[in-house]
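Fit chains C and W to the given chain B structure using the hints.
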Amino acid sequence: MIRRTIGALDERLGAASPLKRTLRYVFPDHWTFMLGEIAMYCFAILVITGIFLTFWYVPSDAKLHYAGSYVPLQGTSMSESFASVMHISFDVPAGLLIRQTHHWAADVFIVAIVLHLVRILLTGAYRKPRELNYWLGVTMLGLAILEGFLGYSLVDDLLSGMGLAIAYAVAMSIPFVGGQFAFLVWNGEFPGTSSFLPRLEILHVFLIPMAIATLLALHLAQVVRQHHTQFPEEGSERVVRGTPAWPGYALRSVGLFLVVAGVLFLLGGLVQINPIWEWGPYAPYLSTNGAQPDWYVGWLIGALRLMPPLEIVIGGYTVVPSPFWGGALFPGIVFGALYAWPALARRFHLDDRRKHNLLDRPRDNPRRTAVVVAFLVWVFTVFAAGATDRFYFRSFISYEGQVWFFRAFALLVPLLVYFVTKRVCEELRAREEHPLRSWNGSLIERNQARGFEKIVDRSDQSN
Amino acid sequence: MRRALRVLVPVALMAVSIGLFAMESAAAPAGKGPASAPSNSQPTAGGSPESEGRRLFVQGCSSCHGFEAEGVKGHGPSLIGVGEEAADFYLRTGRMPLDRPDEEPQRGPSIYSGAEIQALTTYVGSLGGPAIPEVHPEEGDLAEGQKLFTENCAGCHQIVGRGGMLPGAVIPDLGAANARDVAEAIPVGPYVMPSFGHLSRSEVDDLARYVEYTHDPEDKGGWGIGHIGPIPEGMVAWLLAGVALLFTIRLIGERTTR
Amino acid sequence: MTPGGLFSRVVAALGGLSGLRRRRYDRQAELHQVSDPAGKKSDAVRASDEETRRREFVPPPELDETPDPRAELVVALLLIAASVAFVGFVVFYVVSEDTQLLGLCIGLGLVLAGVASALAGKRVVIQEKLTDEYKDYGDREEQIQVEDHLVEGKVGVTRRKLLFSSLAAVGAALGAAAVMPIASLGPRVGEKVYETPWSAGKKVVDETGKPITVETLSAGEFITGFPAGASKDDIGSPLVIVRLETDELELPADRAESAPGGYVAYSKICTHAGCAISLFRYPTFDETQPGPALVCPCHYSTFNPADGGKVLFGPAGRPLPQLPLRVGSGGVLEAAGGFYEPIGPSYGGIREAPGEQPL
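Protein chains in written order, with the numbering used here: chain B, 701 to 1163; chain C, 2 to 259; chain W, 67 to 425.
Rather than coming from a laboratory, the hints here were simulated on the basis of the structure. Predicted model only: the values in this text are computed from it and were never measured. Using N, Cα and C, we set each Cβ at its ideal position, and we do this for glycine too. Errors might be hidden in some of the hints.
Among the chain B residues that face chain W by a calculated CB cut under 7 Å, a handful are [claimed, not checked]:
{"id": "1", "residue": "Glu889"}
{"id": "2", "residue": "Phe890"}
{"id": "3", "residue": "Ile1014"}
{"id": "4", "residue": "Phe1106"}
{"id": "5", "residue": "Phe1109"}
Next up, chain B with everything else stripped away, as it sits in the complex:
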């Protein structure tokens, strides 16, 4: 039967030759190469669960009085959008499972992309000839963050509504064009008109997923065209070595997809996320303490909280409103740095200009690794600053003090981290040892005679 199918396809499409190539296609199979796959499978789950949600969600700010099954909100005035998501959560069978799985998948999607990005940066996979693919990836990260933000803002609950107000203010704060830009997106002043939620919906369920899917297809096509990079011990600059697609890699990939799906559904059923019935519906005159955006936007709330109240006014015109620094300039710098990274690395002689199919271990390029780690620590510090109100260091550090602390920390600690990381890489490289798996010291124990004796001595071993 298999032979007949192959025969039918080949006679019509000439499929045998490409099929042969596909089945024998070689995948270098280091475990860190599977991080991008995890992201891709999260995306697949997002699309599948998202389609179910679109069959129920209503993008409308028309007000109604809740009449569903959740008692503490009965009679409360809310938008149709919020009511439709309440309906999914309480009255649609398996609705809450699918909704929570969708939201967890969004969070984990970006976790996987970030881990993948860090791997790419630390191993130098972005170098020639793969710069284009790297830029596609950075773009997908930006789109994923925007997509997630739009997704949870569709619900029109108290927390996400506050987030939209802030997004409006950041949009307005772009010098010169911001005010008009915000008015175009919202069709007027915040909170916008009845056209606003439908705009978010069409971006979230169609335009951005199509963009991500297209970029993803190009991303994968490029990997196939150039072959995946690999570490030196498996292959060389001219020869790629790995597991063929069939049967080994296909089964492992299917396995990974199923495990990713399983983890997401387990979270979706067992761990509550975004319980909107507890937050209640949004109104511009309402807010709550402890409101936070989803984790992948957290770096922006940190930046907004840390920046001082600086507005640049020239001749009565407010050139730079205050939210610009944290809400637009900071992410602009971070993404700008990411896009410019291949060129910057060449310019500062962290990389050469040759083609590379082989990866570096992070320690093989200490300066590059140190810069990447310092950059990540900088972003992470700003991110942490956005959450300090929940981890309030009470009694001895005032909030004002914490803000100053984090401002200083964010500037000084990355410098320190740079030097420490560089040193660690140089040491590891000099010793040619695995950082975790080789230990060449001695274990010493005190013996009966009050002296010391070696009970394990590996100092003369090397890996």
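Relative to the frame of chain B, chains C and W by itself:
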């Protein structure tokens, strides 16, 4: 040993994160305050509650609040006219006495027994002011309570009463607050909390009912992870899902040997 | 066919073991070829000798066909367990609404099936390591041919400059026309930002529509106010009204009459990023406790209600706009005019008030 570590490290990471959530989400036990539980201490010889209260007041409160409760500049306000309502709230929740006058009063175990609190409260009440209010959470409307709480209280106490902060003060989690605490705090406005005298009796009942609900809200979605939203959610995404998936690809993929 | 036999077949079919076994001898020859693009000039790597030696060394292809019946059994059992879980999902879907049970069943089923597949991929089917070549793209001859082919488009075309300029013109014009409809998405920013429902005489009501009077609050209390009859969702509507002691007020001279009886009203929308200002800090004992403040929960911008809304702390770049109040008939609070400053977050023209008067 190394194989065991490879399993133990991810498991330990997950256990640590579970522990962190448990700490964050474990609201202080939703116990009732020592309402009017009589203590075992013997009444002092010849003591009516009022003079017992006076004795305790002089002993424990007058250094900041003045010998006649008139207040002491730079230390403590006058208590004349605050009534049983305020005294009961501060004492029963252990917010008074303070170690230092500029400290923020925070909930904790009271150094006084129930009878002592009663005595002190009676004494302060004798100086004038509102009595301990009645509250009936069972008559409160939960939906109305959520609405009122969102409009008036959530800005400080967080939408499900998990507390928060503002510059200058820590705002308490309401996990240990019972209906009486709510009914007293609303008109008293302790520390830097404003008072809400404009709320009616039935609105206070609604709020008390809602606050009690927040001690154990409906968690249809599973483990509530603290009911404070995206911070624990992000931690789960990284420390549970992220670690589990890293563990998975570590098993599926190959490793470098150098 | 026994159940065991059936499952072994499924597993074998998954891995194609039987099929591959048949062809083993054909493939042996293929497997031991190492692709050798030698002969093609490569401008990839020119490294040191030692590094070259290290980096040019490629371990040979591998093939491991040893059967692992134990793994096969484990895979089968995992698949059976996964099936039970999936059936459980179907049953619970029908019988119960419990999100946790549904999630547990389908999640566990997927994880078990995934582990089975991965295990099959690593232990049941043959383990191979094959090689292929990294193509070194970059063929100068082909590039020249492409360039030549493109340039052919110019042959025989005489008025190139004219054509190119007119092409550029139409490109720019078409581009402008194509993006023009974006302007339809929303109104011009400008006056709209200054419009609020407040004007002199507008009565202040609470969230339920009840009028707020001089009796409503005591000192140290606050409430949210709205203009009677206006939409509560307009960001110009909500006020945060605070009552202070009259001797606590430190308003500027030109606002001396704006706070009757200590009632002072501000826009509830933070001038930093637009969140509702829902925190009011009011000391019980101001000698040891921080003074009155209106605070925003988003980024903790802190405003002083006593002196006209000046920023005490935080990232807000403009003071909180005050609305002057007066007492109307029946003691009802009403607006004495519009806000002294524009409300809401800043944008380019925010400080360019359209007129001198309070709006």
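Checked hints:
At its closest, the beta carbon of glutamate 889 of chain B sits 6 Å from a beta carbon of chain W; the interface hint therefore holds under the 7 Å criterion. For phenylalanine 890 of chain B, the interface hint holds, since its Cβ comes within 7 Å of a Cβ in chain W; the closest pair sits about 6 Å apart. Residue-level restraint check for isoleucine 1014 of chain B is violated (minimum Cβ-Cβ distance to chain W is 10 Å; threshold 7 Å). For phenylalanine 1106 of chain B, the shortest C-beta to C-beta distance to chain W is roughly 13 Å, which exceeds 7 Å, and the interface hint is violated.
A least Cβ separation of about 18 Å between phenylalanine 1109 of chain B and chain W goes past the 7 Å threshold, and the interface hint is therefore violated.
In this structure, the hints that do not hold are numbers 3, 4 and 5, in rising order.
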